[in-house]
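Q: Listed below are the residues making up each chain.
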Amino acid sequence: MANFLGTEAPTALDGANTTSNPPAHHHKAYKASTHMLDEHYLTPASIASIEVHGATNTRRSLLNHIFNPLVESSSPGSPSTLGDVLGRLSVATRKLSRFDIFKEDAFNVFISEAKRTESVLPTNQTELNISISVKEKSRLVVSAGTDFGNVEGSAYTNALFRNIFGGAETLSVNASTGTRTRSAYNATFTTPVNGNPDLRVALDLLRSTTQKPWASHEEHLTGGNLRFSWLGNAKNETHTLTYSSIWRQLTDLYPTASPTVRADAGDSLKSSLTHTFTRDRRDNPMLPQSGYLLRSVSELAGWGPLNGDVSFAKTELETSGAVPVPIPGVKGNTGISLGAGLRFGLLYPLPLGYALTGPATPSRINDRFQLGGPTDVRGFKLGGLGPHDNYDSVGGDVFAAGSVNMLLPLPRTDTDSPLRLHLFANGGRLVALQNQNKSSEEKAFLKMGSNQVFHSVKSAVGELGNGLPSIAAGVGLVYAHPVARFELNFSLPVVLRKGEEGRKGLQVGVGIKFL
Amino acid sequence: MSPRTGPSNSFPNCHHLSHRLFGMSQTITKTHDVSIPDFFSAKTSYFIRITFATIQSIPNNKTTRTAMTTTATPSKPPASWALLQIPKPIQTLFNKFPLVTYPSNDLPLRTQLLNSSSLPTLYIFTTEPDALANLPSFNPTCLKWQTLLRLTRTPHRVLPSTNHASPTGSLPFLLPADSTSSPSKPIPASRITNHLSLALPPPPTAREETFLSLLTPIRNAFLYSLYLLPSYEELLNQFYIYPSTSSSLVQKTLRYQLRSAAAASILQSKNLHPDGGKEQIDEKEIFEEVREALEALAGELLQSRTEWFFGRERPGEFDAGVFGYLWLMLVYMGGGLGQVVREVGGGVLERFCRRIAEECGWDL
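Chains A and B, in that order, give the protein sequences.
Just so you know, full-length UniProt numbering puts 64 at position 64 of the first sequence, and the rest follows in order with no gaps.
Just so you know, full-length UniProt numbering puts 173 at position 173 of the second sequence, and the rest follows in order with no gaps.
Hints are computed from structural coordinates only; laboratory data are not their basis.
Values in this document were obtained by computation on a predicted structure and should not be read as measured data.
Here a beta-carbon is modelled for each residue, glycine too, at the ideal position from N, C-alpha and C.
Heads up, some of the hints might be wrong.
[What the hints assert, rightly or not] Chain B residues, not near chain A, derived (Cβ > 12 Å throughout):
hint, residue
1, A199
2, N271
3, P274
4, A298
[What the hints assert, rightly or not] Taking lysine-lysine and the DSSO-like style, the derived pairs with C-alpha atoms no more than 30 Å apart in a straight line are:
hint, chain 1, residue 1, chain 2, residue 2
5, B, K252, A, K212
6, B, K185, A, K447
7, A, K135, A, K212
8, A, K498, B, K185
Isolated chain A, as found in the complex (with noise of 0.2 Å):
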């Protein structure tokens, strides 16, 4: 095989001469890397071949696009220190790692001073040989298995294909029942766009059915989604656009089901595209002592060539963060921390086609913002807060909601430890918009003018500042795992709205995502 740079060293990128475990000399090699590191890491040092070992099913191609670049950069004669070439080459490994296909516990660099060749005119740069040995994860994954809360029983099947066709794509077919989520079947399929790990694109099929007990209906989702992710600029930034196009059905109502609910049951598309934006510094995600986190999803659909039965464009700002509290004469982490978290959502109803002046339609219930849920606003009901109609929470068009919190460690426990006693305090507003033009005529059709939701949003939106927030606050033990992070609490509300469903006592969270 034809090595990057046409010298001597052993081929293995084709996979005919893959070694699973490096072969001894490379042990010596590596000792005398090491020394090497220690005394010439300033020394202009090149790449003379770079093999990469146990990548059977994966397309050189793939592998071009992570290790040209280092090659093109570090080739004899380039003016590269060992410094850089270390560098670039953990840059590279980073990358192939991102890909998801190797196994992450046996990636190994070998790095060994080539021989040098009669031809080569001696220099004093040192040439490298490179041998990245890897393991393959298993292509096919299937597996099985029941989860179980307190509100939802599921048992599940997942079959996961790696790496299909050699160049890190991904197939994950799902198929999930449950006592809430009564069925749910979906299929991924991810690809790296042009080699790079950190820019994917994916299509999503899927097909489900979900109760919907906070308002008494069940909902049938078919469609698709297509969808790019991409690194940020910045440290930890993704962004993630998706175009969705969904046949949505509500249906099989429950028997005490509200007028709300039964106005929207039926048929809906929805075709919209999304951008969803993260940066997240936080330390732990699962348990967050510094850092912050900033996410914004901004949605348009119907509008323009979108099509479909809703158009409306709707928007969610998130943020949160926590600064570790120092005790004085306490030095280091005291364990104690201080957390705060803000949410804000708006949607904005818009007239179907390209028209911006044309009447829309009202929100429906499956396209409104819900809040309120241990993992939520703490202290109420899921989906406890805002408009309710008899017992339904039919939801909301604009929201606003807060939350601070602090974390203390346990008496006897380390500061690192995962479970912690928190304080905390949150409340929000679910506003619904409301007709500002009383003529009866307008409301019987269903329709607003521009004008009309424009002041109707304006004004839902000054109503979230009217009075106190709706609030609950308690006490609770926090559990951190890696995956989730479990929740008990204790609370009690403090302000309500008639109609809104607050608990009193004790609640139990488990997530991934809290306010």
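Starting from the structure of chain A, add chain B where the hints point.
A: Using the frame of chain A, we list chain B on its own:
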């Protein structure tokens, strides 16, 4: 978990970087220092799926709710909960909260039209403008009940809806007028008569019961024409498909579902296997049977000593049921079934329909 040894330690972050761009974004930091076994990703997705779980530990929750809402709920039987009763001091504390209670949030715009009506509301297949003017529905069963309410001069209003909204899975249903005592529960079509105590003629005699079976061939012919004849596809679209969605793919799916359901319904009425497909349906037989049924109806009407079926003074449920089908045939299927309705019995059925429409105040 395997210890990280080996030469690659010289490349910081090489190992424990598991940043996922898709799905849950998660960084395994040094603190946890875990390697990632294969099952990990599956577990991860599990936790994405369940994001919350709640327990309800306070038995007096229901009482709280009653206190918070204006509508009264039936009081709970306290006996079974006696053992779980909360200690007095905690109960006293609970009773103090919430400290402030504001008036309720206003309901969303789409609700305001539907709520706070002092009139019972009949949910039917219709369009918004037609509903405002209380014009006839384009669905035979909905039209039957709409007609009955109008014939009995029952004050009501109609609203467009879909089968999904109905407690029985098919329209129509009635939502009683708002009362302050309890949230109104929907009344399915079969119980409307009782609920509104409609002033209807006495129940049918055994002889009259036999005429009910004549409605089956009429229904079959109507279903066959509207759903299965290509010439009425545009009508079907306007009635049931376009109002549901503007997406052509969803429209196709809905149309397919409706057609299969119509074929199954016809087959079932003929005691054939409902999954037989529309090829099993004998078109000629369908149209022969409907003509016979219509002739029988026309004969009965000609013999009646009044203008209505069975010599009644006022039109009743049977009259409304017949009108439901025949009116739609006359209005929308002028060339096909409408022609048959006009022909049989020298036009007696058409005149009957016009009288009913007139009684209902539909000046058409």
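Q: Any of the earlier hints contradicted here, and which numbers?
A: Number 7 - this is the single hint that the structure violates.
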